[in-house]
Every structure is written in structure tokens, then in C-alpha cells.
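Chain by chain, the residues:
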Amino acid sequence: MSQESGRSSEDGAAPYSFGENWQVSELEIARRIARKKRNQKNILIATLSSILVLGTLITIIVTSPGFKLLSKTFFKWAYGFEVLPKILLGFMTNVGLTIIASICVGAIGLTLALVRTSKSAAFTPFRLIATGYVDLFRGIPMLLVILLVGFGVPALQIKGITNNVLILGTVAVIITYSAYVAEVLRSGILSIHPSQRAAARSLGLSNFQTLRYVVMPQALRRVTPPLLNDLVALIKDTGLVSILGVTDAVRAAQIQTSRTFNYTPYVIAAILFLCVTIPLTRLTDRTLRKSIERQNAQGVA
Amino acid sequence: MSNPVLELKQLRKSFGNELVLEDISIIVPVHTATVFIGASGSGKSTLLRCVNLLERIDDGQILVDGEDISAVDVDPDLVRRKLGMVFQSFNLFPHMTVLENIILAPIKVHKKSRGEAISEAFELLSRFGLKEKANQYPDRLSGGQQQRVAIMRSLALKPRLLLLDEITSALDPVLVNEVLSTVRDLKSEGMTMVLATHEMGFAKQVADEVCYLHNGRILEWGAPEQLLENPKQPQTKEFIKRVQEAGRL
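Which chain is which? The protein sequence lines are A and B, in order.
If you count the first sequence from 1, position 101 lands on 101 in my numbering, and the numbers rise without skipping.
If you count the second sequence from 1, position 15 lands on 15 in my numbering, and the numbers rise without skipping.
Just chain A, same shape as in the assembly:
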């Protein structure tokens, strides 16, 4: 059984202290010194190669003939600071849209995934609909969905349906991302070994209880990293609703740029997106690393 192994020996220090007077052997001391030397050498190599590569790149960019013009039109920080409040206001639209959309996407995506993985005969029509939905909206570029919903729905002139481009844009984002998230959740559900279901059912748990208490908790834990990936992508893709005329960060930057023909607002908008996406990406990395550690700790059973 490999369950106990592979946990404690990683931190380098001796994991066990059976004997009271354990003396580190000459052999081990020599090994530790050799390891330390090798680490130092590796750090030195990494530093040198980074300086070399990055230095070369920066030199190429800075010495290029158009660099002066470029830094004036893209990196005029004083101007950037001036337009920051307006772009930040637009960016709040992106943040709000992301929050609302991710809640709706979670609910719809989960429903679609559950319907697609259900086996009961009564669900057959819903299963077909869910499969069709996922196929359709995973296969269309989101920009097209936004255009079709944003301009198509108002054209229907149905009473009571909004013409608000912000709402329509949000709906388009939700429609598309629900299809993506449904597939991530479905793969998580299918990844749980059938023996877990068998164990739960043999305890007398109903199909729904098995899903609720045994399958879903494990599936969700497993797909958290890819779901966080989708969240990062969702934040960026909210910028696409600007095509409908929604004043988000992208649109706000566009408005400023068209006034002055200076592209710094675009850079500012990009930095605002990065301020949110980079921390989230790091968080994704961390959860991924944790779930791998957990899996390794679980062994073969």
C-alpha cells in the first residue's frame, strides 16, 4: 500500500526521530553539501540566462527606429493617469458583468451538466436539448453570439423584452459560457469512479443523494482549477460586449483614443484587466498544485 509513503520526506529535514541520539553521518553531510552546491550553481545559471535573454529583447525594442514614437503614443503615462478614472468606471462594468454572469453561468452550466449525465428515461428529451445547446454554443464564436443577441433580439420587437445592450450583452456572455462550463462540470462528474456510486447506492442512498453527497463534492473539487481558468477567460471576454456600445473599459478607452489619437488608454485598460487576471491565475496555479498533491497523497486505492 503506497498510502503512507511520499508525504513527509519532502521538506528535507529528517521526518522521523526514532533514536534519541541520532548523529548525522559523514555520508549524509557530504550529500547535503553537494546538494547545496548544485542548487547554488543552478540559481547562478538561471540568473545569467534570464539577464541575457531579457537584456537582448529589451535592447532590440529600445534601439528600434520607431521606439520613440511608440512610447509617445502608447506609454504617455501623464495622459494615461488623466483618463484613468473614466476607464476605471468602465472597468466596473466588466467587473459587475463578470460577477452576475459567473453566478448565472454556474447555475445554468450545472443544470446542463446534470441533465447530460443523467440516465433516467424521463430525461431523454432534456438530454437531447442540453446536448444540442452545448454543441451549438461551444461551436459559435462568442463575438457572433453577442452580435446576434444584441442586435437580433431588439429586431424581433417583442413587447417587454429589453433593448438595453448591457443586459443583452450579459445574456449573450452567459449563453456561451454556460456551454463551456457545462462541459467542464460534466467531465468532472464522469471522472468519479463508478465504484463510488456503487458504494453509495449499496448504502441505500437514492440517485439524487448519491449525486449530491458523494459525486458532486468530489467532482467540484477536481474541476476547480479549470473552472477558475474559465473565470479568467470570462473576465477578459466581457470586453467583447463593447461591440454593442456598452461603455466598459475597452469602449471607454476607445472613446478617449478617438479623441486624441493617443493609444495610452488601451494600455491602461489592459493593465486594469491584468490587475484582476494575474492574481486569479496565480490562485488557479495554487489550487491545481494542491489538488495534485492531494491526488498523490491518496495513492492507488
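A few of these clues could be false.
Below, a sample of chain B positions facing chain A; criterion: calculated Cβ distance under 10 Å [said to hold, decoys possible]:
id : residue
1  : 49
2  : 86
3  : 90
4  : 109
5  : 112
6  : 156
Calculated Cβ distances over 10 Å to all of chain A for the following chain B residues [claimed, not checked]:
id : residue
7  : 52
8  : 99
9  : 153
10 : 154
11 : 176
12 : 180
13 : 181
14 : 185
15 : 226
Bear in mind the hints are in silico, worked out from the structure with no lab data behind them.
Every residue gets a Cβ at the ideal spot worked out from N, C-alpha and C, and that includes glycine.
Once you have looked at the hints, place chain B on chain A.
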């Protein structure tokens, strides 16, 4: 031989074109243990899964306490409340602690209060010497401990019949004993059991009847001393000889 807890009548099961079980008929009286032996692929596991309605049979009948559970209108969830099943690969829920594993079904299936379920679980845990593991996750337990928790999880539902499917096959020899002694305790407390196992010595101790399964049929059956020491059929002889050579009798 009154009160059979389980009765199988001419049970038949196939997967596609492959016939897995044929003409299986047994009677398991209350407080007895019936042990199935046989090579891998002889149908032992499938038989237990059929009884627990995890597989649908092709023909025949399964009676639990005289009630036909193979009838179409039977609710499998209600049947499974009466039957406990323990698997070769433990199948504990890895996201729950030992205690949570044990109390899940009593709370959700038997609708017991959390407090009642917990105190009953602790009773079981201390009886089998695992009280201090109550709040550990399964991956911190040895294989033997995990399997004993799996047995307790089934016992928490107070089943009429316990189905044990090669519960020691995934354990190393040192851990096998602690699991087997747990089963011996259960047997002496009067639990009715059906087991599939490769542990012949254990079968001899615990079984009231041993059935030898060969290619999906019960080739020979009888009292453990008779079948394991004086088998009549040449195939049974051959099988027991092979197991002896492997050093497990």
C-alpha cells in the same frame, strides 16, 4: 433451516453474449455464513452485485426474507437498506472523514438525527478499536483500517444480510488478519453473511456452507470441512490444490 434470509432460484446473468452465472440456487438461513470460492472470473463478484441489485439478472429469482426483490416494481433503494455490501477496493468516500462516512446513510436514508447517528457510529468505532480515527480522512488510514471502516459503514444501517466481496484481496498479508477477525466477531454475533473470498483458512473457520463456483455454475457445495478437505469434483480438487500451492490454506 427455517427463516432463509436470502434465497436464490435458478439465477442467470450474462454480459452481452458472455454467460457469467447460470442456474445458481442457494438458501442462506438466518445467522449463517455462505462462502463462495472460485477462480477470478468465476462470477463471485457478479453474484453479490446481482443480490444487491447493482446488476440486473437475466432470469431466476432473488428472495430476501421471502420477498421477491427481482420483481419489476421493487424499489432498489428500499432493498439496499436491508443489505450491507463491502467491496474489495473499500470505496470509502475520500472527501469525508471516517465519522462522516459512517453517519451519511443513517442520516440521509434512515432519517436519523445527527446526534443519534454520531453516538451510534462511536459505539461501532470503539467496539472495533477505531475510535481515535473518527475525524481522520480515509487516505490517512491503512488499508486494513479503511476496510474495517467500510464494514462499519455498512453495519451502521443494521442490515439483515452482509455481502462481502473479496474484502481482503487488496490488502497485504499483515493487514488481512485484522479485517478477518472483525468478520469473525460479526459472525459470532449472529450476522447473516454471504462472502466471496480467496482466504480458504478463513472460509473454513467462518463458513456454514461453502460453494465452489466454476465458470458461472455452482459445481459443488457442502460443509467447509467436507468441501475444502475432501472435494468430490476433479475441478474443485484442482482449484483447492492450486490455492494450497499458492500458500493460502
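For each hint, the structure was consulted:
Evaluation of the residue 49/B hint against chain A yields a held restraint, the C-beta minimum of about 8 Å falling below 10 Å. At its closest, the beta carbon of residue 86/B sits 9 Å from a beta carbon of chain A; the interface hint therefore holds under the 10 Å criterion. Nearest Cβ of chain A to the Cβ of residue 90/B: about 6 Å, under the 10 Å cut. The hint holds. For residue 109/B, the suggested interface contact is upheld, since its CB lies about 4 Å from the closest CB of chain A, less than 10 Å.
Annotation: interface hint on residue 112/B violated; nearest CB of chain A at approximately 13 Å, more than 10 Å. Taken as an interface hint, residue 156/B checks out: its beta carbon lies about 9 Å from the nearest beta carbon of chain A, inside 10 Å. Look at residue 52/B: its CB is around 5 Å from the nearest CB on chain A, not clear of 10 Å, so calling it non-interface is violated. Non-interface call for residue 99/B relative to chain A: holds, since the shortest CB-CB distance, roughly 14 Å, exceeds 10 Å.
A beta-carbon of chain A is positioned within 10 Å of the beta-carbon of residue 153/B; the least distance is around 7 Å. Listed as outside the interface, residue 154/B is inconsistent with that label: its C-beta sits roughly 7 Å from the nearest C-beta of chain A, within the 10 Å cut-off. Every CB of chain A lies more than 10 Å from the CB of residue 176/B, the least distance being 12 Å, so the non-interface label holds. Every C-beta of chain A lies more than 10 Å from that of residue 180/B, the closest at about 17 Å, which supports listing it as non-interface.
The beta carbon of residue 181/B is kept farther than 10 Å from every beta carbon of chain A, the shortest such distance being approximately 19 Å. Every CB of chain A lies more than 10 Å from the CB of residue 185/B, the least distance being 21 Å, so the non-interface label holds. For residue 226/B, the non-interface assignment is confirmed: its Cβ lies about 32 Å from the closest Cβ of chain A, beyond the 10 Å cut-off.
Consistency note: the structure conflicts with the earlier hints numbered 5, 7, 9 and 10.
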